[in-house]
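Just so you know, we're using the working numbering here: the sequence shown kicks off at 1 and counts up by one.
Think of the hints as simulated: they come from the structure by calculation, not from any bench.
C-beta: ideal position from N, C-alpha, C; glycine also.
It cannot be assumed that every hint is accurate.
Label pairs and their in silico Cβ distance ranges [as the list claims (entries may be wrong)]: (1) Ala213 with Gly108: 26 to 32 Å; (2) Pro114 with Arg156: 36 to 42 Å; (3) Glu225 with Pro101: 33 to 39 Å; (4) Asp175 with Arg217: 17 to 23 Å; (5) Pro44 with Asp212: 41 to 47 Å; (6) Gly25 with Ser2: 41 to 47 Å.
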Amino acid sequence: MSFSTIVFDCDSTLARVEGIDELAGAHAGEVRALTEGAMAGTIPLEEVYARRLQIIRPTRDRVDALGREYAAALVPDARETVAALRFLGKTVRILSGGLLPAVQAVAGELGIAPADVAAVAIHFDAAGGYAGFDAASPLARSGGKAEVLRAWSLPRPALLVGDGATDLEARPAVDAFAAYMGVAFREAVAAGADYVLRDASLAPVVALAADDADRARLANSPYAELLARGDRMMGRIARS
1 MSFSTIVFDC DSTLARVEGI DELAGAHAGE VRALTEGAMA GTIPLEEVYA RRLQIIRPTR
61 DRVDALGREY AAALVPDARE TVAALRFLGK TVRILSGGLL PAVQAVAGEL GIAPADVAAV
121 AIHFDAAGGY AGFDAASPLA RSGGKAEVLR AWSLPRPALL VGDGATDLEA RPAVDAFAAY
181 MGVAFREAVA AGADYVLRDA SLAPVVALAA DDADRARLAN SPYAELLARG DRMMGRIARS
């Protein structure tokens, strides 16, 4: 199967960090435990989302800095993979439970328009202090990614690439789910995926997405080596 749309998670998928953990500072241990529980599927996301932000109370400056940290921590081949998919005319979007300003920063680094990003809005007061978040966002609760995917009405077939339980939950709203385990391996997520990407590279996404005509175009493009690298890694991709 080839794919017309590819939707990426951000944290531990496009970038090698979990944004909320990076914001945690002195509260890192407590916040990381909550994040891991939510991503592993042992704690409902809605139980931890507001709690983590209330603990951290991130400022505008800190969230802006997180966007720069995302951009500096892109996973191997992320930039090239997104560029190759766009070269082929694929629809590429980012769907994240992270904070919107930071996720939009990494999207900009990858050439993805703000309108093609869904994440959770955060509010600041006049001094740039934390003033809450969009508690009505479906991305702040379990099952919300599927809601957004359905509302987008994306060209099909669609592939979702992510690392967490919230991504796996969204599988019914797409045609296939690829568990990207190149940053953090989560057994329950891998077990439910159509594809398991174990290498620390997103190059296999190009190989998965491309049909024969796409491959012919890539063979005569700057992305030929990326496709070849993705094909080599395909032999290490497990299918459920």
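Evaluation of the provided hints:
Here the CB-CB span from Ala213 to Gly108 is close to 30 Å, well matched to the stated 26 to 32 Å. In this structure the hint that Pro114 and Arg156 lie 36 to 42 Å apart at CB is violated, the actual value being about 24 Å. The hint said 33 to 39 Å for the Cβ distance between Glu225 and Pro101, and at roughly 34 Å that hint holds. Between Asp175 and Arg217 the Cβ separation comes to about 22 Å, which falls inside the hinted range of 17 to 23 Å.
With their beta carbons about 43 Å apart, Pro44 and Asp212 fall inside the hinted range of 41 to 47 Å. One distance hint, 41 to 47 Å for the beta-carbon pair Gly25 and Ser2, holds here, with the actual separation near 44 Å.
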